[in-house]
Structure formats: C-alpha cells, structure tokens
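*Asks:* Protein chains in written order, with the working numbering: chain A, 15 to 294; chain B, 11 to 169; chain C, 36 to 833.
Calculated directly from the structure, the hints in this document are not laboratory data.
Note that the coordinates shown come from a computational prediction; the quantities given were computed from them, not determined experimentally.
One should not assume that every hint holds.
Reference excerpt, derived from the structure (chain B facing chain C, CB under 10 Å, subset only) [what the hints assert, rightly or not]:
no.: 1; residue: C56
no.: 2; residue: Q142
no.: 3; residue: T149
Derived DSSO-like pairs: lysine-lysine, alpha-carbon spacing no greater than 27 Å straight-line [stated by the list, open to error]:
no.: 4; chain 1: B; residue 1: K95; chain 2: C; residue 2: K44
no.: 5; chain 1: B; residue 1: K53; chain 2: C; residue 2: K747
no.: 6; chain 1: C; residue 1: K820; chain 2: A; residue 2: K200
no.: 7; chain 1: C; residue 1: K674; chain 2: C; residue 2: K329
no.: 8; chain 1: B; residue 1: K53; chain 2: C; residue 2: K58
no.: 9; chain 1: C; residue 1: K826; chain 2: A; residue 2: K262
no.: 10; chain 1: A; residue 1: K275; chain 2: C; residue 2: K745
no.: 11; chain 1: A; residue 1: K262; chain 2: C; residue 2: K827
no.: 12; chain 1: A; residue 1: K275; chain 2: A; residue 2: K200
no.: 13; chain 1: C; residue 1: K826; chain 2: A; residue 2: K200
no.: 14; chain 1: C; residue 1: K339; chain 2: C; residue 2: K463
no.: 15; chain 1: A; residue 1: K53; chain 2: A; residue 2: K164
no.: 16; chain 1: C; residue 1: K629; chain 2: C; residue 2: K44
Quick reminder that beta carbons are idealized off the backbone N, C-alpha and C, glycines included.
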Amino acid sequence: MRRFDYLRPKSLKEALQLKKNIAGAKYISGGTDLIIQIKNRELQPPALISLRSIPELATIEINGGARIGALATISDIIQHRELGHNYPVLIEAAKRLGSVQIRNVATVGGNLCNCSPSADMALPLLVLEAKVRLQAAKTSREIPLSEFFKGPGESCLSSDEILTDILLDPPRQNAKATFLKKGRVKMDLALASLALLLEIEGGRCRKARIAAGSVAPIPLRLSKVETLLEGGAISKDLISKAQQLATKIVSPITDVRATEKYRRQIIGVYMKRGLEKVLG
Amino acid sequence: MKTEISFILNGSEVKVSVDGHLRLIDVLRNRMSLTGTKEGCGKGECGACTVIVDGRAVNSCLYLAHEIEGKSVTTIEGLQMPGHKLSMIQQAFVDNGAIQCGFCTPGMIMSAKALLDSNPNPSDEEIRDALQGNLCRCTGYVQIVEAVKRVAEQLKSKQ
Amino acid sequence: MKNFHYIGKETPRPDAPDKAAGKALYIHDLQRPGMLHGKIKFSNHPHARIKHIDTSKAERLSGVSAVLTADNSPEVRLGFLRDNFALKKDKVRQYRDEIAAVAAIDPDIAEEAVELIKVEYEPLPGLFSTREAMKKGSPLIHETDGQGRPRTDNLVPLRYHHESGDLDAGKRAAKYIAQGEFSTPRVQQCCMGTAGCIAEFDMNGNLTIWAKTQIPFLAQRDFNRALSDIGLHDKNTRVIVPALGGGFGTGLDTHAYEYIAILLAFKTGQPVKIVYEREEEFAYLSPRQSSTTKITQGCDQTGKLTFREVEVLQDNGAYTSWGATYPSVMMMPATSLYRVSNVYFNAQLVYTNNTYCQAMRGYGNPEHTWALESNLDELAGEAGIDPYEFRIINCNRPDETTPMGLKVSTCGLKECLEAVAKKLDWKKKSKKGKCRGKGMASLVHVGGGARIYRSDASGLILKLDDFGNVNAYHGGVEMGQGLHSVLTLGIAEALGVRPEKVFINPLDTSTCPWDVGTHASRGAFMACNAAILAANKLRNKIFELAEELFPQEAEKNLDKFKKKNPGYKPPAFDFVKAAKRERFDLKDGSIFIKGAPREPWLSLDLGRLLRAIHFRTQGQMLTTEVFYDPPNELPDFAKGFGNISATYAYGTQGAEVEVDTETGEVKILRMVAAHDVGKILNPPALKGQIYGALAQGIGYALYEELQSEKGKILNPNFRDYKIPTAQEMNFPVDLEFIETNDSFGPFGAKGVAEPGLVPTAPAISNAIYDAVGIRIRDLPITPEKILSALKKPKASKG
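Given only the sequences and the hints, what does the whole structure look like? Please build it.
*Replies:* Following this line, the structure appears as structure tokens:
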C-alpha cells in the first residue's frame with residue numbers, strides 16, 4: 015500500500031483547516047471502504063484526515079426526533095435502544111451491513127459519503143426522509159438525503175464541507191417499515207435492496223416512501239411507486255401494480271454480481287413482499 | 011511521518027513509533043512479532059485478522075495503527091492462561107474438532123470471544139451472525155458453532 | 036470386530052492446541068536472516084508477443100536487490116509436459132504469465148518496483164473456448180512442445196480412453212435412454228493461507244526451500260532439475276514443509292513462483308520470500324479445471340443399466356498441470372459407479388488462453404459425478420422408477436471387479452443408500468405447495484491410495500529414545516485434514532504406547548522417507564499402514580531383546596519391591612523361563628509377559644527397557660524403517676484399465692431443498708451424508724473432513740465460479756467470489772458412517788478426504804428437480820439459472 019500521512023484533528027475546525035491546507039488529502043472515518051480503495055490503487059491520497067477523534071461527531075441524540083453523528087458506527091446504531099425502538103427499519107438495515115467486524119468500525123456517515131448505489135444505510139434513511147447536515151468552516155446547511163447522492167461515488171458535498179449529522183423527524187405512530195436485501199450469500203453487497211415505509215390510515219395508504227439500492231446509479235427513491243400507492247385503497251391488485259411498476263422504473267446494470275434482468279425481478283418481488291409484510 | 015502511539019496490548023502498555031499508513035495488523039505481526047493474527051485477504055473480507063479492540067471484534071487489516079492510540083487490544087496470544095493453559099474457548103475448539111488447518115482459527119476464536127463477552131448466552135442465529143465475517147474453508151463450521159455453544163453452556167453452568 | 040485402544044476414540048489432534056494458541060507457524064510467519072521479499076510482474080494480455088521489457092526504473096529503485104526476466108536468467112521449465120516456464124520469454128499465453136520478478140528489502144518496495152517495470156506487447160488473437168481453439172486455422176498457443184518439436188494444433192497430447200463390453204449391444208438392449216450435456220466451471224481452492232515459499236541457498240550451492248507443498252519429494256525432484264537448469268549440477272534441494280493453511284490440491288504441482296523465488300535467491304545470494312496476496316491467489320494461482328461432459332445412459336425394462344457413453348471436453352488453459360489429468364479420475368465413476376457393463380469413455384483437452392488449472396479436491400470426480408448422477412435421475416425418470424430404487428437396482432456389490440479393472444473389496448454403497456433414504460424420510464414426499472424436494476447422489480472414489488506415478492509408496496521411520504518416546508518421520512503432509520492425528524493414533528495403537536509419547540517430526544526431505552504426495556485421499560491409508568508395519572517390526576525387535584534383558588530388570592524391580600515391602604512373598608512364577616519373545620506384550624508403554632501374575636514389578640516401562648538396551652556393552656538404539664507400497668496398479672489410461680487403488684470408498688448424500696420460485700433462491704433444509712469409511716480412526720477428525728467437504732460441495736453447487744472474460748479473472752476476491760460462511764451452513768447435517776472394515780485398510784480404514792464433496796452438487800440438483808421440475812445442467816445452480824429455467828415452457832420430460 016502506498017504511503018500516506020495520517021492526521022488526527024481533535025476538532026471539526028482543525029479537520030476543515032487541514033483539508034484546506036493539504037492538496038489531495040481525504041477524510042477518513044471507519045476506513046472500511048477507503049482503505050480498500052487505496053489498496054486497489056483507486057485512490058492515492060498523500061494524507062488521510064481522521065474524523066474519529068472529534069467526539070461530537072460520534073454521538074447519537076434522541077430529541078423528539080433523532081440526531082445521529084456521522085461517526086456513529088453501525089454497531090453503535092444497532093445497540094442504541096431508543097433509536098431501535100423509534101426507527102426499527104434503521105436497525106433492520108444496519109444488521110445486514112457486512113460482518114460484525116465491519117459494523118464495529120464502519121460509520122453511517124462513511125457509508126453515505128461513499129455514495130455506493132448499494133449503500134445499506136441510505137435506504138432506511140431515505141424512507142425516513144432523513145436530512146443531512148453539511149458543515150464548512152463558516153457555514154452549515156441541511157439538505158434532504160434524497161438530494162445528497164449525485165452518482166456512483168459522487169455526492170453534493172463540496173470540497174470544503176464535512177457531513178456531520180443525520181437528522182430524523184420524530185417517528186410517526188402509524189408508520190410501518192421494512193428492509194429487504196438480496197445477496198449471493200447472506201453477507202454480501204446488495205445485488206438489489208429495498209426499504210419501504212407506509213403510513214396506513216383506514217385501509218388507505220396515506221404516505222408511502224420507497225427506496226431501492228443497486229438498481230440505479232444512486233440509492234433511489236421510487237417516487238412513481240410512492241404516488242401509485244398513496245391515496246389508493248390497499249388491495250392485491252394495487253400490490254401487483256406496484257410490483258410491476260417498480261420492475262419497470264429501475265435502471266440496474268449487469269455486472270459480475272448479477273444481471274440487469276435479475277435485479278429488476280428482485281426489486282419487483284421485494285416490492286410485493288415488502289408491502290405484504292408491512293400490511294400484515 | 012512516524013508518530014509514537016501507546017496502547018494496551020494483551021494487558022500490557024506498549025509504545026511504538028509507526029508510519030501513518032501502517033495498519034494494526036502490521037504492528038502486531040511485524041513490530042510486535044505476534045504472528046498469531048493472520049492476514050488472509052487484506053480487505054476485511056475473510057476475518058483471519060480479527061482482534062478485539064475495546065471489547066469489539068475488528069479486522070486489524072483495515073484498522074490504521076494510529077487509531078489504536080489509547081485503546082486496548084487483545085490478540086489470540088492474549089487469551090492464553092498462565093501455565094501454558096488454553097482459555098475456555100480455545101480448549102473448546104480443540105476438544106470439539108473445530109480446528110483443521112488452523113489458519114482461520116485465531117480470528118474465529120477472537121470473534122467467538124467478543125460475542126461471548128457481550129452475550130454469554132447467544133442463540134444459534136446470533137452465533138452464526140457473529141462468525142459470518144470469519145471464513146473457513148476446511149471445517150464447514152459445524153464443529154466451530156458447536157464449540158461456541160459448548161462454551162456458552164459451560165459459562166451458564168458456572169453461574 | 037477388534038476392540039481398539041485408541042483407534043475410533045475421541046482424541047483431540049496433537050496439532051490443535053498450538054493452532055488454537057496462534058502458535059503454529061505458516062509460511063507467512065517465517066523469517067530468515069537477510070531475507071528479501073519477492074514480487075512478480077504478471078502479464079495483462081492473454082495472448083501476445085513480448086516485444087520489450089524495460090526494467091531500468093525498477094532496478095534503480097532504492098531497496099531493490101534484483102530484477103529478473105527471461106532474458107537475464109537461466110531458462111527453467113515446469114509442468115509434467117514441460118510446456119511452462121518460470122519466466123516467460125517471447126510470448127505470453129495467459130493473463131497471468133510471469134514476465135519479471137523483483138527482490139527487495141520489503142514487500143512495499145518490491146510492489147513499487149513491479150509497477151515501474153514497463154512491458155511492450157504485440158497482442159495476438161486470443162482463444163477463450165475449446166471451440167475457438169479447436170477451429171481449423173486458429174493460432175497456435177504453443178508452437179512447439181516440451182521437447183522443442185513443432186506442434187500442429189491446440190490439442191493436448193494426452194489420451195484418455197476406455198471401452199468395455201459392447202456399446203452397441205448395450206444400446207440395443209436399452210428400453211429407456213437419457214442423454215445430457217453438463218458443465219462445471221473453474222472454481223478456486225480458496226485456502227485461507229495463501230501460496231508462498233522461502234528459497235535460500237547455502238554457501239555450498241545447495242538449496243533449502245520452505246514450501247506450501249503437498250508433494251515435498253516430487254518437488255525436490257523438480258527443484259533439483261531446476262538447479263541443473265541454473266547450472267548447479269549435482270546440488271541438492273531440501274524441501275521443508277511448515278503448517279500449510281490449507282491445501283485442497285494447490286500444493287500438488289510446483290509453481291512458477293517457486294522457481295522464481297529460487298532464481299531470485301540464486302541471483303541475490305540471499306533468502307527470498309514470495310507470498311501471494313489474496314487477489315494474486317485468485318488471479319494467478321491455478322484453480323480447479325472446468326469440464327463439459329456429454330453423457331448417455333440406458334437401462335432395460337427393470338431399470339438395470341445397459342450402457343454408459345461419455346465424452347469429455349476440457350479447456351486446458353495455457354499450460355499443462357494436473358487439471359489435465361482429471362479424466363484419469365473421471366474414468367473411475369464412469370466405469371465403476373453403479374454396475375454397468377458396456378462403457379465408452381473418451382476425453383479431449385484443448386489449450387486455450389485461459390488460466391491453466393491444477394488439482395482440487397476430488398480431481399475430476401465431482402465434475403463427472405455431477406453429470407453422471409444428474410443424468411441417472413433423468414434416466415430413472417424416463418423409466419418411471421423412483422431414483423432411490425433405481426440406484427439400489429444398480430448398486431455396486433462387494434468383491435466385484437468393475438469394467439475399469441477396479442477390484443472392489445468391501446463396498447458399503449447399499450448401506451449408504453439405505454441410510455440416506457431413511458434419514459431423509461425418502462418415502463414421504465415433501466410438503467405440498469412449498470416447492471420442496473428431495474434428491475440423492477452417490478460416489479465412488481479411491482480409498483486405498485492411487486497409483487498415478489511409478490510409485491505410490493510411503494515411508495515411515497520410527498525412532499525410539501531413552502524415554503520411551505516414539506519419534507516418527509513421515510513424508511505425508513498435515514494440511515489440516517488430521518494426518519498427524521491419525522498417524523499418532525496408528526503408531527500408538529500398533530506399537531502399544533500412549534499417543535502423548537508419539538512425536539511427529541517436521542516434514543523435511545532430508546530427514547523423512549519418500550512419499551509420493553498427500554493427495555487422492557491416501558494420507559491416512561498410507562501412514563497408518565506404514566505405522567502398523569513399522570510398529571510390528573519394532574515390537575519384534577523389542578521382544579527379541581526383552582528375552583535377555585527383561586528378566587534382569589524384573590529381578591532388579593523385585594529386589595527393590597521386596598526392600599520396600601518386607602515380608603512380601605512373590606507368586607510362584609518363573610519369569611525367566613517365561614521371558615520368550617512370543618509371550619511379551621506392550622500396552623500403554625508397559626512391557627509385560629502375557630498370562631503372568633499382575634505384580635507391579637513384573638511390568639517394565641518401555642523407556643526403562645530401552646535404556647537397558649542402550650547402555651549395556653554393545654548397546655543399541657532402536658529405529659525402524661518401512662516403505663509401504665500398496666497393492667494397486669498404475670493404470671493404462673489410454674486403454675482405461677488398471678486397479679488404481681487398494682480399496683474404494685463409496686458413499687451417498689441426500690438433500691432436501693426448498694426453492695423460492697420468485698427469487699430463484701435455493702434453501703437447503705437438511706442434508707444427509709452417508710460414507711463407507713472402512714473404519715473410523717478419529718471421529719471428530721472424520722466428521723470435520725465430511726462437514727468441510729460438504730461445505731465446498733455446496734459452494735460448488737450453488738454459487739462458486741471464477742468468472743473470466745478474455746482470459747482475465749473478473750472476481751479475484753472474496754467480495755465477488757463467494758464461499759459458504761457459518762450462515763450458509765445453518766441446516767442440520769446428518770452424518771452416517773458405514774464401517775465395512777476393509778482388509779487392506781489400516782485397522783480397516785479407507786481414505787475419505789475427498790468423497791465428502793463429490794456427490795453434493797447432483798444431490799442438490801436432483802432435489803431441485805423433485806421440487807420444481809427443472810434440470811439445471813451447468814454449475815453453479817444460481818438463482819438466475821433457476822428463474823430462467825422456470826420461465827421456459829415445460830417440455831414433456833426435463
């Protein structure tokens with residue numbers, strides 16, 4: 015592995031300053047994606063700026079809603095009782111990310127900033143309509159997560175910003191959600207994955223939020239399917255229509271892991287099964 | 011750029027000066043000559059390099075050495091009891107036929123230890139989840155899972 | 036049936052505690068003073084002329100000791116057809132050809148130096164399928180053969196052919212016929228410890244190499260030849276084998292990287308270590324050979340097989356290694372799995388620009404049994420006979436000779452079939468409406484060595500010391516299968532000492548006697564048969580010497596005992612007269628006279644007797660040596676005839692699966708593995724062998740495949756080459772061991788290292804057919820293939 019300097023700033027301000035001063039430097043959180051990219055020579059940064067020594071970045075706060083620090087590890091999230099109680103779909107997805115060893119080190123912020131179309135944490139956060147806080151030296155902005163991803167490996171973070179927090183609204187009483195992930199074996203990158211959240215009131219779907227992974231250049235909200243489901247009376251026919259629409263609107267590719275055809279098929283099946291599950 | 015890091019290794023305080031790009035596994039195997047921790051893939055996919063950091067199982071091949079500052083690391087060498095005795099988990103692996111070529115064994119044992127330390131009465135599903143990041147090509151995992159269950163039973167009966 | 040003292044009892048392996056403590060030393064852990072690290076530059080073209088190699092920048096990099104190419108180093112050939120080279124000159128024939136190599140003071144510098152080597156290629160058209168390579172006018176991958184003679188096509192000059200009985204008559208006698216074409220992919224052995232070696236010359240020009248090998252003595256032969264090629268005539272190689280980190284066939288050939296390490300060590304005058312990283316292991320080490328098989332079987336009205344016709348075509352890759360000999364093993368199930376006269380078998384191999392392949396567990400048997408047992412179910416279906424009944428009708432029987440000339444002594448196939456049927460509740464059909472099904476498949480494999488070379492022998496030296504310890508020197512490789520364990524038990528049992536007194540010494544060609552290699556499931560069979568012979572020799576020696584020395588030591592004992600117990604009256608027993616060699620026995624390290632009164636002074640600790648033998652005038656140390664050569668033959672593979680093994684292991688596996696018809700996923704609900712093992716030597720070790728093999732069989736069946744495009748491996752990592760984890764092995768596995776107590780087997784045992792993965796894939800596939808009526812013919816049975824097959828309109832039969 016090529017050589018690089020490793021810096022451990024103790025504050026956000028220091029981290030931002032270091033990034034500004036060192037050309038080509040990259041931020042590192044858990045490192046479980048980044049180190050592999052460096053090993054594969056996809057990246058060759060002269061320096062890595064670790065965010066792991068900035069305490070406020072790793073905290074999780076329940077405040078009606080929730081604020082999850084970007085440096086919270088996947089295990090931190092799984093083990094956080096209240097978070098799990100309020101947003102169970104988040105835990106469902108977290109438990110399917112990698113292995114225990116990876117979860118103990120990988121961070122939710124890192125998972126999002128890696129911008130993989132198959133990012134496991136992106137899907138539940140998308141259906142929970144999470145916002146992300148991006149901080150620069152003098153400015154701070156919050157944007158919906160659905161606007162964060164631009165393409166594979168590309169986000170809307172500018173070079174002088176750090177993703178510091180993920181913000182969740184208070185959980186809705188009548189919301190039911192689930193997460194499904196298809197791998198070649200259980201522990202795998204998602205060949206296709208789906209998170210869905212429904213708010214049901216009086217036999218009708220008041221709100222539907224659906225996000226699909228590995229079937230588009232980014233983790234994708236399936237807004238067309240959401241529209242189809244919202245306002246409609248729940249029926250087998252509606253579920254079938256949702257399945258067909260989901261299969262149609264995604265744009266998966268064929269790669270060494272799966273074919274485009276298979277990914278489409280899975281998204282449709284998961285659409286159906288996800289709906290059947292949350293509708294009970 | 012060398013930095014001196016100090017951490018607890020198998021219960022003793024250690025100070026080493028390391029370059030920024032070195033990983034925990036490099037420090038353990040090359041600097042400290044603790045070759046029990048193995049490198050099977052270098053990408054966090056096989057788990058042969060598993061050690062315990064502050065009570066949690068991690069892939070030491072993906073853990074940059076500078077991050078170990080101030081933390082507590084346990085490797086397979088740290089499990090050995092005084093007087094050349096094996097720890098309960100190690101002995102259970104031996105007694106249950108859970109070891110064949112042995113290359114995955116240290117990592118597998120560390121994952122099992124991390125599990126049992128935090129969850130002394132794991133279900134079958136929890137055991138498999140804890141071990142799914144540790145690949146083994148020899149054993150088919152059956153006797154490994156049985157060994158972990160045996161230790162859980164022993165722990166229960168001790169209480 | 037004999038009651039054994041140690042054989043068959045639950046005994047932990049002697050090597051397990053060190054492995055549990057992380058103390059076992061693998062190649063990866065070894066260092067030598069002054070050691071350099073070697074790294075190889077591989078080709079990134081599948082077929083090309085090498086126009087120019089620029090090593091200047093690499094040579095100038097600080098920390099680099101040597102940079103080698105074929106131009107500045109002696110030519111070293113490898114492979115049993117001598118068609119491969121350590122460093123490639125003129126031309127590359129596969130994506131992974133070794134072009135250059137660097138030795139540097141640390142692996143990072145070596146890696147950087149490799150990056151600095153620039154190679155200019157003139158690409159040539161590549162051939163990536165047997166069809167392309169066999170076409171007339173296709174470019175030649177090898178213009179000359181290993182002897183420099185010009186070649187005219189891409190066919191590998193190896194002949195595998197068998198004809199027995201009357202094929203046409205067999206076809207005419209068939210009421211039902213089933214034909215199918217089946218294929219298996221390249222899969223990787225995936226040892227957890229990757230390939231590597233350390234080569235070091237001494238100042239006399241002799242070589243020591245620490246190698247991850249399963250053939251230390253054949254490797255010594257190969258490396259000695261290489262020394263000669265280098266100009267070191269009459270020099271010797273010493274091969275030392277550390278803990279392996281898994282073998283599964285990867286160590287059955289010598290590899291270019293080993294010769295390169297030797298060349299680098301020779302050039303630099305320092306020890307050189309080369310270790311493959313995981314990606315290099317996947318992309319640059321030889322995997323299991325792929326296969327395509329066309330098989331036709333027929334049976335009469337009653338379901339009795341009347342003929343079997345097999346054509347095999349193999350993609351040999353760019354060079355020849357043991358993958359090219361798989362058809363020699365395929366002949367075994369083709370002629371001898373189930374009773375069938377009228378067999379035709381032919382195999383062809385073709386050079387291509389794909390990766391060349393070597394041995395992997397099963398060695399052609401899983402490939403062929405996949406085709407044979409899938410097709411057999413098809414045939415049973417045609418005949419309207421239940422697949423289990425069909426197998427019973429055609430079941431092999433003990434004491435029969437098969438069309439290939441295999442002399443089957445014991446045969447537990449019927450019992451295995453019955454055990455599987457019983458444990459799977461075969462008669463009860465799976466729950467309706469749940470897409471569940473049951474399937475089974477059987478196997479035959481060598482269980483008593485395998486003569487594939489001039490010698491199938493295995494030597495053993497037992498050296499007794501003053502303390503009653505038994506120092507054993509054996510040429511077999513402990514790679515995790517438990518060889519040291521069974522050898523320890525075998526020596527303990529046969530000699531009459533406790534297992535803790537037996538020490539298996541490190542494997543070193545300079546101290547251990549010759550052994551052809553640890554392959555073909557022969558390890559335990561050879562080692563324990565040799566142990567029995569050696570132990571008997573030693574016992575005879577001990578008892579002969581005891582005739583003279585036992586009485587005097589017993590006398591000393593008696594005196595001491597009398598002094599400690601005044602008034603003691605010894606029983607009336609003339610132990611001097613009784614001290615005859617045929618009356619002695621040795622048990623748990625104590626020598627006594629059979630039938631003598633049980634007085635403590637009348638038994639001697641073995642060490643005590645050995646010291647008496649050692650320290651008298653004209654003293655002796657007791658060491659014995661045997662060279663066990665099993666009663667088997669080297670077959671003529673062009674004729675397809677010869678009793679290759681001393682005995683044969685049969686078995687059956689069954690599976691119950693559930694198919695998700697929407698996602699194509701196959702869930703294994705349970706498996707049963709029934710194996711004719713002859714005799715269980717070490718129960719946990721045997722179970723481990725079967726469980727481990729089963730897991731490999733499941734990977735082979737459902738998801739393992741080295742994907743390649745134009746010769747380049749696309750998934751050289753665990754992220755995209757999936758093997759089972761503890762999650763996937765989450766179903767009950769029932770093991771049933773049939774002990775047929777074979778007379779050729781040590782303590783009755785047969786070799787069972789490979790059988791565990793041979794019938795797994797067809798058992799699962801047959802279960803899938805039972806569940807959803809689709810027949811997949813190409814491994815792995817991926818969800819995509821299942822969905823694709825389900826969508827096809829169902830033909831009337833498969």
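*Asks:* Broken hints, numbered, in rising order?
*Replies:* none
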